[in-house]
Amino acid sequence: TQLLEQSPQFLSIQEGENLTVYCNSSSVFSSLQWYRQEPGEGPVLLVTVVTGGEVKKLKRLTFQFGDARKDSSLHITAAQPGDTGLYLCAGARGAQKLVFGQGTRLTINP
Amino acid sequence: ETGVTQTPRHLVMGMTNKKSLKCEQHLGHNAMYWYKQSAKKPLELMFVYSLEERVENNSVPSRFSPECPNSSHLFLHLHTLQPEDSALYLCASSQEGTSRTQYFGPGTRLLVL
Chain A
1 TQLLEQSPQF
11 LSIQEGENLT
21 VYCNSSSVFS
31 SLQWYRQEPG
41 EGPVLLVTVV
51 TGGEVKKLKR
61 LTFQFGDARK
71 DSSLHITAAQ
81 PGDTGLYLCA
91 GARGAQKLVF
101 GQGTRLTINP
Chain B
1001 ETGVTQTPRH
1011 LVMGMTNKKS
1021 LKCEQHLGHN
1031 AMYWYKQSAK
1041 KPLELMFVYS
1051 LEERVENNSV
1061 PSRFSPECPN
1071 SSHLFLHLHT
1081 LQPEDSALYL
1091 CASSQEGTSR
1101 TQYFGPGTRL
1111 LVL
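If you read the sequences in order, they're chains A and B.
Residue numbering for the first sequence follows the numbering used here, starting at 1 and increasing by one per position.
Residue numbering for the second sequence follows the numbering used here, starting at 1001 and increasing by one per position.
For the record, the hints were derived by calculation from the structure and aren't laboratory data.
Here the structure is a predicted model, which is why all the values come from computation and not from measurement.
Please note: incorrect hints may appear among the correct ones.
[Claimed, not checked] Only pairs whose alpha carbons sit at most 35 Å apart, straight line, appear in this in silico DSBU-like list of lysine-lysine:
{"hint": "1", "chain 1": "A", "residue 1": "K70", "chain 2": "B", "residue 2": "K1036"}
{"hint": "2", "chain 1": "B", "residue 1": "K1040", "chain 2": "A", "residue 2": "K57"}
{"hint": "3", "chain 1": "B", "residue 1": "K1019", "chain 2": "A", "residue 2": "K56"}
{"hint": "4", "chain 1": "A", "residue 1": "K57", "chain 2": "B", "residue 2": "K1019"}
{"hint": "5", "chain 1": "A", "residue 1": "K59", "chain 2": "B", "residue 2": "K1041"}
{"hint": "6", "chain 1": "B", "residue 1": "K1019", "chain 2": "A", "residue 2": "K97"}
{"hint": "7", "chain 1": "A", "residue 1": "K97", "chain 2": "B", "residue 2": "K1036"}
{"hint": "8", "chain 1": "A", "residue 1": "K97", "chain 2": "A", "residue 2": "K57"}
{"hint": "9", "chain 1": "B", "residue 1": "K1041", "chain 2": "A", "residue 2": "K56"}
[Said to hold, decoys possible] Below, a sample of chain B positions facing chain A; criterion: calculated Cβ distance under 8 Å:
{"hint": "10", "residue": "A1039"}
{"hint": "11", "residue": "L1043"}
{"hint": "12", "residue": "S1062"}
{"hint": "13", "residue": "G1107"}
[Stated by the list, open to error] With beta-carbon atoms standing in for the labels, derived distance ranges:
{"hint": "14", "chain 1": "B", "residue 1": "R1009", "chain 2": "A", "residue 2": "K56", "range": "30 to 36 Å"}
{"hint": "15", "chain 1": "B", "residue 1": "S1065", "chain 2": "A", "residue 2": "N109", "range": "43 to 49 Å"}
{"hint": "16", "chain 1": "A", "residue 1": "E17", "chain 2": "B", "residue 2": "N1070", "range": "32 to 38 Å"}
{"hint": "17", "chain 1": "A", "residue 1": "G40", "chain 2": "B", "residue 2": "G1003", "range": "16 to 22 Å"}
{"hint": "18", "chain 1": "B", "residue 1": "E1096", "chain 2": "A", "residue 2": "E17", "range": "18 to 24 Å"}
{"hint": "19", "chain 1": "B", "residue 1": "P1061", "chain 2": "A", "residue 2": "V44", "range": "27 to 33 Å"}
{"hint": "20", "chain 1": "A", "residue 1": "P8", "chain 2": "B", "residue 2": "P1083", "range": "45 to 51 Å"}
{"hint": "21", "chain 1": "A", "residue 1": "V28", "chain 2": "B", "residue 2": "N1070", "range": "33 to 39 Å"}
{"hint": "22", "chain 1": "A", "residue 1": "G52", "chain 2": "B", "residue 2": "L1111", "range": "29 to 35 Å"}
All C-beta atoms, glycine included, are put in the ideal place defined by N, C-alpha and C.
Model the full structure from these sequences, guided by the hints.
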């Protein structure tokens, strides 16, 4: 059983389009992180959200933490080829422990 | 550059070899982690060290042996591995007591022949 479900698992769209990636769980998390990972590299932190209902913006990326702190979404506006990568969400539960989703592999075609 | 370095970046080893992976963090964090990332699987937490003590071992086979000599360094000693152990091994660090945001190294791509 996957504690954090990400959807879609794969997404291929054209440059300039908008997209949303979802991270869902039946469990409550104290915080949630989004990472982007490029081939051959480790995940790089994009944002941490800690408050239910919180919205954070990072240029064309908008992150939202659900009111009940069980889910999150990542919306990208006017996607660019540089946005291509594996997007991972991770929820914090207990001391030191992060639970990762299986990731969304995003491809932006020029 | 995330402040977490890993060496080597790539490693090919036979099933009878002994090798070690090294991780170093320059962020002043007090917790360090080893993860395994295989194709089409979520990141798997292997070991957690907090204040240089191992606080978690997620049923990892004994052919993987971690070592944390101080809060900045973490090793993963490998011996008699199996081909299914081929994966990307990621090290991460965090500061205990915060939102537990983890900062990852670039990983070691391991191939076991």
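Structure versus earlier hints - violations, ascending order = 3, 4, 10, 12, 16, 18, 20, 22
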